[in-house]
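Enquirer: Turn these sequences into a full structure, and let the hints steer you where they fit.
There are 2 protein chains.
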Amino acid sequence: MSSVDDQTYGDPATRERILRATWELVAERGDVPVGEVARHAGVSRQTVYLHFRDRGGLLLALVVHMDEALGLGESLAHVFAAPTAEEALARAVAVHSTFNPGIDAVAQVLEGASPADEPLATAWRDRMAFRRQVHRDIVQRLADEGRLAEGWTVDAAADLFHTVTLPASWRELTREWGWSADDYVEEMTRLLRRALVADAD
Amino acid sequence: MSSVDDQTYGDPATRERILRATWELVAERGDVPVGEVARHAGVSRQTVYLHFRDRGGLLLALVVHMDEALGLGESLAHVFAAPTAEEALARAVAVHSTFNPGIDAVAQVLEGASPADEPLATAWRDRMAFRRQVHRDIVQRLADEGRLAEGWTVDAAADLFHTVTLPASWRELTREWGWSADDYVEEMTRLLRRALVADAD
DNA sequence: TCGCCTGCTTTACAGTGTGTCAATCACAAC
DNA sequence: GTTGTGATTGACACACTGTAAAGCAGGCGA
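Which chain is which? The protein sequence lines are A and B, in order.
Be aware that the first sequence starts at 1, since it is given in my numbering, and climbs by one per residue.
Be aware that the second sequence starts at 1001, since it is given in my numbering, and climbs by one per residue.
Any given hint could be a false lead.
[To be verified] One-sided excerpt, in silico: chain B residues whose CB lies under 8 Å from chain A:
1. Gly1146
2. Arg1147
3. Ala1149
4. Val1154
5. Ala1156
6. Trp1177
None of these hints come from the bench; they were simulated from the model.
Please read all numbers here as calculations on a predicted model, not as lab measurements.
Beta carbons: idealized from backbone N, C-alpha and C, even for Gly.
Expert: Put into structure tokens, the structure is as follows:
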């Protein structure tokens, strides 16, 4: 999935410590200089550059690390194990609600850093494409079950589902407008069900 | 609205040239160093700092400038002159669709630059609060006309309306997934009407 | 015509962050 | 004990921000 060389250098434990330090710092302080990360990881700044190509490589590796640490695979399996597409949709929103608090700060940094750094931008784009595909699968299933509301193409509905649940939207609602995790799940699910599901009751 | 000191210095024409140069460069290249802006405006770098407190002040002034240049006031008047709330909703989406291409690059820079720079973050927040209020007014009118779908509070619906139509979402749909301006208006309006409007036909 | 004020320029500087390089150190395993 | 791996140290070039000080050009009033 990632087109970036997975660097294999040095002690994996050190690599892990750096990733964890980055996660913590970015989570609480947003964008953070590499030097800060190193200090917080109890490691020299150069060590970071031995393990990761550059800032972007570090952040990208962090995203992958977070997926594993948070169990993205299992969560997705749970979404797709839903008995109905409508339930899958609700589960997907719930997954976003639980993952975003941990992921959001990193996502924000990556969104902002994108346009210049080409390999980073590409990797982030790949990730978004995957994310969009997940949502498309759910919409497709909705269509297969004959519950996709009239007027939608699968792709249009998928794009909207994907976009509306992006971290940026979650951030705005929870950080700026005081929504709780439960608010997010309830209201966002309502929005999507009413909009996309036929005969939603 | 803006809590930032409106600097009054030097030739307004020079100020204007700087703003226009910034707009152009940010639009085509994203985040840009102050030196580049100055060069493109045919002015020394220091002149920029004479006219604007710092980078953030420049971007903030640019946002205000864009509002005037694009005629935000008139567009909003047109939205609120709609015969029905449902029509106002559609017009609001259309306004976003026409404004975002010009505004988006600047918005992206400001979103990314926010957390550190306190006065900038506050000013941006004020702007978002105003934006949200516009959407809330529309939702309120929908409720007054008895067309707000069941299950919604005015505030929840307003927050979603505001959030879903944020530049970040527009950017994702048009830049990443190839939506045209018309696609955006049609599909986003469909999403919001189906979700928020009772008896939408 | 002189002197002054305003707007802008030029040059320089301190500070901060990135990414690279080369020399060195600590500590295994052989 | 030698070798090799992983990490450290200190230095560097580069880019960008924001500040400072000296100077220049033109308009305008006395």
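Enquirer: Of the hints stated earlier, which fail here?
Expert: Violated: hints 1, 2 and 4.
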